[in-house]
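Student: Please take these sequences and the hints and turn them into a complete structure.
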Amino acid sequence: MAEVIFFIAAIGAIAGAVGTVALRNPFYSVLALVCHLLALAALFLLLRAEFVAAAQVVVYAGAVMVLYVFVVAYVGGSGEPLTASTGATLRFASLIFALALFAELTIALVGTSLSALNSDGAPYESGFGSPAEVGELFLTKFLLAFELASLLLLIAAVGAVILARRRTGLGDPREISVADVMRVTASDAPPETMLEAGGPPHR
Amino acid sequence: MSLTWYLVVSALIFCIGAGGVLVRRNPLVILLCIELMLNAANLALVGFSRMHGNMDGQIFALIVMVIAACEVAIGLGLIVALYRRRLPIDVDELRELQG
Chain A
126 MAEVIFFIAA
136 IGAIAGAVGT
146 VALRNPFYSV
156 LALVCHLLAL
166 AALFLLLRAE
176 FVAAAQVVVY
186 AGAVMVLYVF
196 VVAYVGGSGE
206 PLTASTGATL
216 RFASLIFALA
226 LFAELTIALV
236 GTSLSALNSD
246 GAPYESGFGS
256 PAEVGELFLT
266 KFLLAFELAS
276 LLLLIAAVGA
286 VILARRRTGL
296 GDPREISVAD
306 VMRVTASDAP
316 PETMLEAGGP
326 PHR
Chain B
21 MSLTWYLVVS
31 ALIFCIGAGG
41 VLVRRNPLVI
51 LLCIELMLNA
61 ANLALVGFSR
71 MHGNMDGQIF
81 ALIVMVIAAC
91 EVAIGLGLIV
101 ALYRRRLPID
111 VDELRELQG
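As given, the protein sequences belong to chains A and B, one line each in that order.
So for the first sequence, our numbering puts the first residue at 126; every next one is plus one.
So for the second sequence, our numbering puts the first residue at 21; every next one is plus one.
Hints should not be assumed to be uniformly reliable.
Said to hold, decoys possible - Heads up, incomplete: computed chain A residues facing chain B, CB under 7 Å, no partners named:
| # | residue |
| --- | --- |
| 1 | Phe169 |
| 2 | Leu230 |
| 3 | Ala289 |
In case anyone wonders, no lab produced these hints; they're calculated from the structure.
Yeah, the Cβ is synthetic: ideal placement off N, Cα and C, and Gly gets one too.
Tutor: Below, the structure is given as structure tokens:
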């Protein structure tokens, strides 16, 4: 049974990965990556990593991919031609490189003669991979990494806001920002002094 | 299932991601391919964690997910900034830093 689920999930993951790379429309690429992530979550479940699988589905396939979909919808998923005008040889070379990398990685992994490679792994203990275990490890052994990760998330959020904010002078003139609205209402307000009203009309 | 199968799947996904980074020109898709590579590494980490019966690999995978989320936030912010400045969304056109 585990073998059947493994092969279904593995084929789903690989198909999703191929779709991410090969589909022309970035929107479809994002959807293929969502399929890939869901299949990968099934593989994590087979490896008894329940919390990682749940985090994968909720955080990755949920939150991060929604962010991607929003940006693709904003930027506009224009179908890019896969073959560049100049990059046909480069594309061929990169395919060769990817294949060579796969061969090398497989030889390196299979040839390591690790004792666990052909076993079914350590005996399963109840509680392995559960949220309680993960939380305990995060708050005891990996406390520093946990805190640094939260700090990094804060920095990334602030950086993303600063990078994507609307700069004056570069925005679309057709768009209306809050500053424009403020300026318009300020100039429409009745002048309070004669100087603001333009001064005396004669002279 | 023996660990070898998981590692081979992980290597295959990693190579698909690496090839995608080299082939595609849209920075959005390049970010997606980087996600693929990170996920392949996650699969290998979780597989090793299972084989050793040690949870450390899963913690590592979770931290990798955090890093990936940060990278996505910054990368998408850069792409939105590019779009705002009317620059082409194409890494072949964006080569000011190349010298």
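Student: Each hint: holds or not?
Tutor: Results of checking the hints against the structure:
Here the hint on Phe169 of chain A is kept, as its CB sits about 6 Å from the closest CB of chain B, short of 7 Å. For Leu230 of chain A, the interface hint holds, the least distance from its beta-carbon to any beta-carbon of chain B being 4 Å, beneath 7 Å. Checking Ala289 of chain A against chain B by beta carbon gives a least distance of about 4 Å; that is within 7 Å, so the hint holds.
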